[in-house]
Each structure stands twice: as C-alpha cells, then as structure tokens.
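J.: Sequences listed follow chains U and F, in order. Each residue of the first sequence is one higher than the last, beginning at 1 in the numbering used here. Each residue of the second sequence is one higher than the last, beginning at 1001 in the numbering used here.
Each hint should be verified, as a subset may be incorrect.
Claimed, not checked - In the BS3-like style, the derived pairs of lysine-lysine whose C-alpha atoms are separated by at most 27 Å in a straight line are:
#1 F/LYS1368 with U/LYS31
#2 U/LYS216 with F/LYS1443
#3 F/LYS1438 with U/LYS31
#4 F/LYS1022 with U/LYS327
#5 F/LYS1368 with U/LYS342
To be verified - Label pairs and their in silico Cβ distance ranges:
#6 F/SER1479 with U/SER238: 51 to 57 Å
#7 F/LYS1535 with U/LYS28: 30 to 36 Å
#8 F/ASP1382 with U/LEU341: 50 to 56 Å
#9 U/GLU209 with F/VAL1436: 53 to 59 Å
#10 F/VAL1473 with U/VAL45: 51 to 57 Å
As the list claims (entries may be wrong) - To list a few chain U residues with every Cβ distance to chain F over 12 Å, as calculated:
#11 VAL53
#12 ALA195
#13 CYS198
#14 TYR199
#15 GLU324
#16 GLU325
#17 ARG329
#18 LEU388
To be clear, the hints were calculated from the coordinates, so they are not data collected in a lab. The beta-carbon is built from N, C-alpha and C at its ideal position, and this holds for glycine as well.
Spelled out from the first residue to the last, the chains are:
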Amino acid sequence: MGEFSFVPFGSLAAAARGAFAMGPFGSKITKENYTTVGVPVVRGVNLAKGIFVDEEFVYISHEKADDLASANVQPGDLIFTHRGTIGQVSMIPRNPRFSRYVIGSSQVKSRLDESRGCPEFYYYWFKSQYGKSSILAHASTVGVPGISTPLTSIKGLNVPYPPFGEQRAIAEVLGALDHKIALNEGIRNTCLSLAAACYEDAEKGSASEVLGDLAKLFDGPHATPQKTPTGPWFLSISSLKKGYLDLAESAHLSEGDFPRWTRRVQPQGGDVLFSYETRLGDAALMPPEVRGGLGRRMALLRSKTPSVSGTLLLHAYLAPSFQEEIKRRTIHGATVDRLPLKEMPGWRIRLPVVGERERLSAELDALHATVMQTANENRTLADLRDTLLPQLVTGKLRVKDATRVVEGAV
Amino acid sequence: MNHERDECPVPPRKKTEPADMKQILWQAADKLRGSLDAAAYKHFVLGLVFLKYVSAAMSEKRAQLEAELREEGGWSEEDILVTLEERREYTGAGIFYVPQTARWEAVLERAGTTVEGQTVGEAIDAAMLAIEAQNPALKKTLPKIYASGRVDEERLVGLIRLLDRLAFQEQLGDDGRRKGARDIMGEVYEYFLAEFALKEGRKGGEYFTPESVVQLLVEVLEPQPGERVYDPACGSGGMFVQAEKFIESHGGNPLNVAVYGQELNQTTWQLAHMNLAIHGVEANLGDEPADTFRNDQHPALKADVVMANPPFNISDWGGEMLGMDRRWVYGAPPVGNANYAWLQHMISKLAPSGRAGVVLANGSMSSKQSGEGDIRRGMVEDDLVMCMIALPGQLFRSTQIPACLWFLAEGKGRHSEWVRGRKGEVLFIDAREFGVMKNRTLKELTQEEIVGRIGDVVRAWRGAEGAGAYEDVPGFCASVGLGTVAEHDFVLTPGRYVGTTEVEVDPEAEPVEAKIARLSALLREQFAESERLAKIVDEQLGRV
C-alpha cells in the first residue's frame, strides 16, 4: 500500500457559508467590546499548547458575537494562527466549557465536511512536521511574521486524503495517547495539591528549626554549559513547577562536560532544588532516576537526617510560612532579586512535630512517587506519539484494522 | 474678583483653575519648542517666568508703598516718584529691585512693536543683566541666552505673550487663604520643573525628587526655625522649599532658617537660585556650581539638618582621584559607586545632634561589594543609623529602580535632644506596600501615609513631645538592637526586621480537612480513569 493521495484543504470544507473564514478585522473587536461575561474570544494564549486551552479568555457580548457570524466557531473547528506564531494550529474540543466561541483577528477557522474530513486527523496532520512546513511555506517575510493572503493560502494547502475510516482510526490512536497524557497531568496536579494540603494539616502543631541543622545547602555552577541535544539533563529555573521537576522543555549537556558542571554538587534523588535569583520561592524534588546537573542560579538542599525526608523538606520549603521568610529575606538588587545563599542555613523553617514527621513523610513519598510515575509515563507516551504521528498521518505506517472497517462498510 | 470674594469666602470654582492655568501654559509653551532640547528650553522658559515674577512682586510692593506714602501725606508727587524708585525700599523687604527698563511690562511692550535696533532677545538679556547689577544675590544666576538666535524672534514674542497670561495678582488658594504672587509663582515654578523633569528623562543620572518623597523626608527630619539646613546635591532646590513650607505650616518663621546647598550642573545651579528667590528662600549655594566631593563650597559647615537625593549609583564620581580623604572615616568608598561617598560626606557635615535624610537606591542597604559592607558596618556600630524606610516602586518618574530612605542621627540616645532613649537601636519601616497610583505608571504616597503613619511612628519612636508610645507593628515597623543588625550581617533592608503581618485566614477558603477528602476522592477517580485509558492506549497501539 502506498502513501496517501493529496487534495487541497479547502475542498474538504463544510457546505455552510463561511466554513473557512478569517477572524474579524482588528477594528471590529476593540477593547471597548470586551465584557466580563459573554462569548469567549479565542486568542493566541488559547492555542499556544496545541491542545486547546479552554480558559484565560476575554469576552464579548452575544449581540457582538452575532454581528461577527463568520468568526463564530464550534466543536471540531480547526483554528490557525495567521499572524504572530504562525504554524500554530488548534481545535475547539468536542466537549468545550462554553456553548460558543469567537476567534480573534489573527486567526483563521476551518470547518470540515465531517463525512469526508475528520478534524482530529487534520489537527494531527498540521501538528506533524510536514503539515507545519506546508503552512510555513506561505509565510510572509515582511514585518510581523504572518501568512500572506491567509484564507486563500490555507484553503490551498495540500493535505493527505485517506478514506474517512482510516482518518478516524489514526485520530483514535493518537488521541488515546494524548488523553492519557492529559489525565496524567491531572493526576500529577491532584497529587501535588493533596501533598500540600496534607503538609498544611500536619504543620498545625509545628516546630521551628534552623534550616542548616536539617539540611546541607549546595550552590550550583556559576556559568552555563554548552547545551546538547542528548546527554544528562540540564536543570534550569524554568523546570521548577511548584514542587515538580518538569523536564518537558529542559535541555541537556554533554557527558564530557558533566563532571565539570557537577563538581560542586551532583543532584541526587530526594534533593530539594530551588533557584536563588530572578524567580524566587519555587522548588522541586529531584527524582531518583534522573541524572542531571544544576543550571546557573540554582542551588539545592540535601537532608542531613533520616527523620527529615526530601519530600518533607520540599513541602516545608513551599509552605506559606517559609515563603514569607523568603520574601522577607530577599535582597532587592538593582537588576534582580536574590536570596543570600550564605545566610540561608541560619534561617528558621517550620516542620511538623517530631512524632508526626514519619507518618507524613510516608504519605508525601507515596504522592510524589505517583507524580514521578506519571511524569515517566508521560515522557514515554509523548515519545511514542511523536514517533507515530508523522508515520501515521503520511500513511507510511497504517492502522491495521482501519481498512478492514472501511472494507466492511462498503 | 474682590467683591466676589467678599460674598463668597470659599469660591467653589477656584479649586481647579490654577492647575488648568498651569497645564494650558505648559501645553502652549511646549508647542513653541523646536530648536532647543528640553534641558535648554527649561532654562529659557523659567528665566522668563522669573522675570515676570520679580516684576510682579515689585509692582505689588510698589503699589503698597505708594498707598502708604499718600496715606501718610505731606509728600510731593516728585518725592513720591523718587521714593518709589528707591532700591533700598525693596531689597530691605526681601524683594528684588527691578529697574524700569528691565520690567516685564517694558519687555512686553518691546515685543509688541517692530522698531529697528535692539531685538527682543537683546532687550531680555539686557534686562537680566540690569537685575543682576541691582541685586548682588542674583549675580551670575540669571540666563542671558535670549539673543543667541537659537529661538527666533517670532517664537520668542509668542512665548512672552503666553507667559503674560500668568496671573500673579492676589488670589484665594484651595484652603481659602490668600495667596500672593510668591505662592502662585512658586507653584507654577514647581509644576514646570516637574514637567520638564518628565520631558528630560533620566539624563545624567539626575532624578527629580517627587514631592511626596521630599515631604516624607521633611516630615521625619522636622527642620526647626533657626536651624542650618544643607543639601549637598540640591538640584533646583526643591528640598529647601519643602523644608520652609514645613516650618511655616508648623507656625515657625521660614525666613529664620539658614540654607546651604551645592550643585554641580551650571544651569541647574542657576535654576536653583531663581527657584529659591521665587519662594523667598535665602540660600547660600556656594560661589559657583561645583563638585561636592572635590570642591566643597561649605568646608566649615556643620548642619543641623542634611537632606538630599543624590544621583543614584553614579560611577564616574572621580573617586579614584580622591583616594584617602578625611571624610572617609569608615573606609574609602568604591571608585565605581558614589553611594557611600555621599553618606560619609553627609556624616562629616553633621553638627552635634544633627540629623540627615537621604534618598538612595535599594542596593545601598545590602551591598557588600568593594568594601561597602564594611563602611555600612562601621556606621551602624557607631550608632549613626537612625531609621531605614523601604519605599514602594514607581514613585519616580524617570526610573523604575526601587529606592529607600536612610536617616542618620548624631548622638542618638546619648546627648541628642532629638532622639531620646534609643541608644543602640535602629527603626526599620517597610512602606513597600504604601502609595496610590496617581496615573497608569506613577505612584504617590498619600498625606495620611506620610504624616499619619510614618511621621507619627518616627515621632513616637524618637520620644518627641506629645507623640505617644512607640510599638512595633508586625509587617510595618520594628525597633531593633544593634546586636540583631549584626546577626543579619549589617544588611539594613527593613523587610528582614519588621516581620510579617499575620497571615489572615480567608473565611471563604476550603477547610484543609475537606480539601484533603475532596482531592483524595478525585485522585481515586483519576486512578480508575487512568486504568481505563491505559487499556485504551494498549488497544489502540495494538492496531498499529
């Protein structure tokens, strides 16, 4: 079986008027039209992650939305950005929070005839390097990055056109992976919130301790290594996410460089990583199986005593009382705010009373084990998706039962 | 005007008028600008405003004098005319004598005609020279730049006509009190200075000190009649104006203050003279504009009150050429930053029981570079630091750098009458959350915050008469012993010492037990869903 045949994207348009349409001209939606409730306006922030971000909206009135009829979008509509971050595509989800949406002025919508074109399949196509580069081929190089004659260009994009059943089968395979990834993120957030709540509950009868008695503080390197595509992780400030070490956008450094950049300290599982310049107050737990070195302006705390686990130390650091201490002790420099590392071991930090610590540690450890488990799983799932996606959408790899289903239908 | 005032002691519409007037003038004058940059243009406009003021002040006095002479009777018309032009009659009353040919009316008349010979610019320059000649206090301070040709004749005439609209005759102020030419002129001058500061941006590290910050300095330092007030980086003299206002509003005689200043920039130094003359402040700003560090204009001065907003963090202050200096008691300040040179210079000027207030960049409270930490330590250990105030951001028009106020006091808690019973203690005030937005980008401290909150706390702390007892307020102020400051390695950031306000429990917040129960249930659901999705993934992957 060969690869798929191609058709112009516009040929898959739904019959309705304005199935493919540009967002309203800037002058049609101005600041004066924004209201606190009403019809949400889709903006770049809602599209930036690929999957539709169904929050952080501005609103316009229903009357105004009626005026902008062709800019109204519904579940299954694909949304392209034609000015700004071009190449970006998203889709109004099948179970959206709102009953209607309106696209902004930098966007183009496309509504497909769903008996011939499965929106989810085309969403994945445009996420693939092939689909993306077909959009970027129309980029205008004058001024703000944009697609020249956006509506005509997008209608004219050549897209693969497998039989509808096969489109849906491909979307199902990739969708299953994406749904599991999203759920895992939900589990992670629940676990972290739960851990914070458990800590808060146990901290009620707390004891104030000197940080330096509980943990040893290590500073990271004071320069930035050459980043490489693979190798040990380079742990930067942006990977600290309220207790969780998010490696999704982290870089790597080379094996050759690794010993030099971990001369001061090599992070171990259970260390509490934190930043001491620019963004202050955030921290993350170092997972045991991750190998990496600290980035610039990063330091870590390592527990000195078995009775204080890494998770306990992490939540003591993130607890409101210590966050206040950080705010109080912050040095406001001329350019950036920073924590005086040398003084930190002398700061006081509140921990639950001694008898409570073990019980709480066990609880926190279990929750953080789940956080790490879902993170590992998601890395595998994302890897799998990114590997399968270009193969599936081009037809280089086929979904086995898809043709059978279609044949059966004929 | 007069009868209207008699009928209605507090005219309802007066409140907005002067401000409108200032704005109209400013906008109109701004339109005339073209060939000069803001700094040069400032000098140009304010020189003319000054000329208008001295003429108006003299006319006011002249009319008063004439009325008195006629009332007294027995004077011939000729004698009256001669007496009215008697220079001493004016200078003796603290008013500049303006020769007839140099008066605003003469300049205005010249601008209205098209005679051959002297140009309008030349006429103005001649007027300035004539005024300087009659009033030694103004020597070398008035601008003589009007005939330079940089602003053409037509624009100059336009500007003169515009400024003629400034009404200096007696008016009623916002508070229903009478305002003379001096007050109105002072307001206009301050307004123009502030607007020009905005236009000029942050050229040369000079920052126009916002009024609310100067007020706060004055409110804490409380200059008294008879005291010597010194500003080693006086700019256009705003600190002195506020100090005198403070004394006047507390019932003292503002003329009974000795004012000493110094300023490096030639045109700013001239402006300061004009500004102070307009506000009726007699000041000694040295013989010439000069560098405070290398050419101290007041070498023998010991001041009761020192107040300054020196340029922040300047690096080209010539420290390398000074080397060791008798002022560097606590160590030589780094060549790359003048903050601690300013502080030590001011300490060297403090009279016994003297006090100082200084605006500095926040870095000065904690910096340890190049020996700054040791200098700060020495100052703290010698018990010179009285009070530190952290200010909110966005107070300054021209810089976003957050600033703080340093207050120093000699003999604190020992022989000082001003700070009593506070030996070895420092008052820390965290005012970072203070201020209200004045517009989109600019914050301002409110009168309540300046006088009621900070002023009262400082007065109570230093044991001022009738001020009540001082108490620490968590999150706002704390009185701290030197031992504690030493524990903090002599870092003087108020946030470290004032503690935090008790975290208020949000009554709307979910109780933690309920939250745990809710999240646990959610997690169980998610795990179940996870299992289901895992199966689906497994199935789907089986299809590939």
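J.: Give a verdict on every hint.
T.: For each hint, the structure was consulted:
Between F/LYS1368 and U/LYS31 the CA atoms are separated by roughly 48 Å; this puts the pair beyond 27 Å, and the hint is violated. Simply put, U/LYS216 and F/LYS1443 have alpha-carbon atoms about 42 Å apart, too far for the 27 Å limit, and the pair is violated. Taken as a hint, the F/LYS1438 and U/LYS31 pair is honoured in the structure, with Cα atoms around 22 Å apart against an allowance of 27 Å. Only pairs whose Cα atoms come within 27 Å are accepted, and F/LYS1022 paired with U/LYS327 is rejected, the gap being roughly 43 Å.
The hinted pair formed by F/LYS1368 and U/LYS342 meets the criterion: a straight-line CA distance of about 13 Å does not exceed 27 Å. At about 42 Å, the beta-carbon gap between F/SER1479 and U/SER238 misses the expected band of 51 to 57 Å. Take F/LYS1535 and U/LYS28: their Cβ atoms lie about 48 Å apart, and the range 30 to 36 Å is violated. Our hint of 50 to 56 Å for F/ASP1382 and U/LEU341 is violated, since their Cβ atoms are close to 29 Å apart.
U/GLU209 and F/VAL1436 have their C-beta atoms about 40 Å apart, which leaves the hinted 53 to 59 Å range violated. At about 41 Å, the CB distance of F/VAL1473 to U/VAL45 disagrees with the hint of 51 to 57 Å. Interface exclusion of U/VAL53 from chain F stands, the closest Cβ pair being 20 Å apart, more than 12 Å. With a cut of 12 Å on Cβ distances, U/ALA195 falls inside the contact zone with chain F, its closest approach being about 9 Å.
Not every beta carbon of chain F lies more than 12 Å from that of U/CYS198, the smallest distance being close to 6 Å; the non-interface claim is violated. The non-interface label for U/TYR199 is inconsistent with chain F: the shortest C-beta to C-beta separation is roughly 10 Å, within 12 Å. Distance check on U/GLU324: its Cβ comes as close as 5 Å (rounded) to a Cβ of chain F, failing to clear the 12 Å threshold; non-interface status is violated. At the 12 Å boundary, the C-beta of U/GLU325 falls inside the reach of chain F, the nearest C-beta of that chain being 8 Å off.
Its closest Cβ contact with chain F, about 6 Å, brings U/ARG329 to no more than 12 Å, contrary to its assignment away from the interface. For U/LEU388, the non-interface assignment is contradicted: its Cβ lies about 7 Å from the closest Cβ of chain F, within the 12 Å cut-off.
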